[in-house]
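Chains A and B, in that order, are what the protein sequence lines are. The opening residue of the first sequence carries number 646 in the working numbering; numbering runs sequentially from there. The opening residue of the second sequence carries number 646 in the working numbering; numbering runs sequentially from there.
Worth double-checking, as some hints may not be accurate.
[To be verified] Chain A stretches covered by chain B per the calculated footprint, using a threshold of three residues with CB under 8 Å from any CB of chain B: (1) 657-664; (2) 678-689; (3) 695-706; (4) 731-743.
Note that these hints are calculated values from the structure, not bench results. Note that the coordinates shown come from a computational prediction; the quantities given were computed from them, not determined experimentally. Beta carbons are placed, not taken as given, at the ideal position from N, Cα and C, and that holds for glycine.
2 protein chains.
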Amino acid sequence: MAVAGPEPGGALDRLIQLLSRLPGLGPRSARRVALHLLARREALMAPLAAAMAETLDKVRPCSVCGNLDTADPCAICRDGTRDPAILCVVEDVGDLWAVERSGAFRGRYHVLGGHLSAIAGVGPDDLHIGQLVARLGDGAVSEIVLALNATVEGQTTAHYVAGLIAPFGIAITRLAHGVPVGGELDYLDDGTLAAALRARRPAEA
Amino acid sequence: MAVAGPEPGGALDRLIQLLSRLPGLGPRSARRVALHLLARREALMAPLAAAMAETLDKVRPCSVCGNLDTADPCAICRDGTRDPAILCVVEDVGDLWAVERSGAFRGRYHVLGGHLSAIAGVGPDDLHIGQLVARLGDGAVSEIVLALNATVEGQTTAHYVAGLIAPFGIAITRLAHGVPVGGELDYLDDGTLAAALRARRPAEA
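Bound conformation, chain A alone (with noise of 0.2 Å):
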């Protein structure tokens, strides 16, 4: 069955396809996204084409930390009030954001692109594991906060980096586990509950 109806191979088609391999979008929502594009040409259309060459043309990985910028080295990377001393390993840009979004860290940041798989045939070679330990020759960097997921591929990264960056004498975190903010007891997984139980705090008065 084809993807949309007039012409095949068409430009409208084209775009219906390309759409469709979006995350979260299958064939339908593809028409439909590309229905509401053409309904409005010039109020997203034309700008969304044109900020997606920009970012294709301008947008890079920085080639200090992974982060994403249209500057090399990034602007968290040039940002001289951040502290050097401390570096956050995240898998991917979008975890650098989510730590961003925080507010809570003020280093700098080690993307390391993805987590070991053995399944889906990742090695350590595949991630920017060298470049992380190559970081620490300097002596500068005085922690590492290793913020990567809590899943067992996540944690597996995590002890493997663990493991090679030991020989600095360098101080290793890694995020608490706990209840999340707002988060209700009773649909919270048993794991979560437990690890948030062994680390019980004394309670503010």
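Assemble chain B onto chain A, guided by the hints.
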């Protein structure tokens, strides 16, 4: 709260803001789409930017029927094998595509561009109703299929259009109501089941 982490107002931030205005995407999924694109620059992002620019440049509403195509009149209006005596009236191009996918219609189309809506302030002059009436002037059309949505607005629009067309003495038909093919009665709304009962037909032996 900023949509992305770094560089508010930059190319990537602007791309995410625009993506978040697409139907079905919010700030979070727009970020995911942007990262997905940047991880597939050559395989997906460059072709998508090109397809969007090409669609923006070349795809226009057909001046005859309102279909979207790179040619004007569109491929359907130019197709000599299609019956010019039957016009299928639809609300928008997505509905035209849906009828095309059914494979059951070999006439031509007229896209109204929406439906009448007192709440949204859409009157007859905001739809391509005048153009529809104009197309009937030469007497070449012998049947109008009102394939409008089975919603209050769609049926109000169908009623209005039927009233305007009546003086031409052309056959006016609408889509049959009934049980969707593959549908289960227990999940069907009462109105549809009642319509299917009233329109019951002799069973094939």
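Item to complete: Return the numbers of the hints above that this structure violates; sort them in rising order.
Response: The structure breaks none of the hints.
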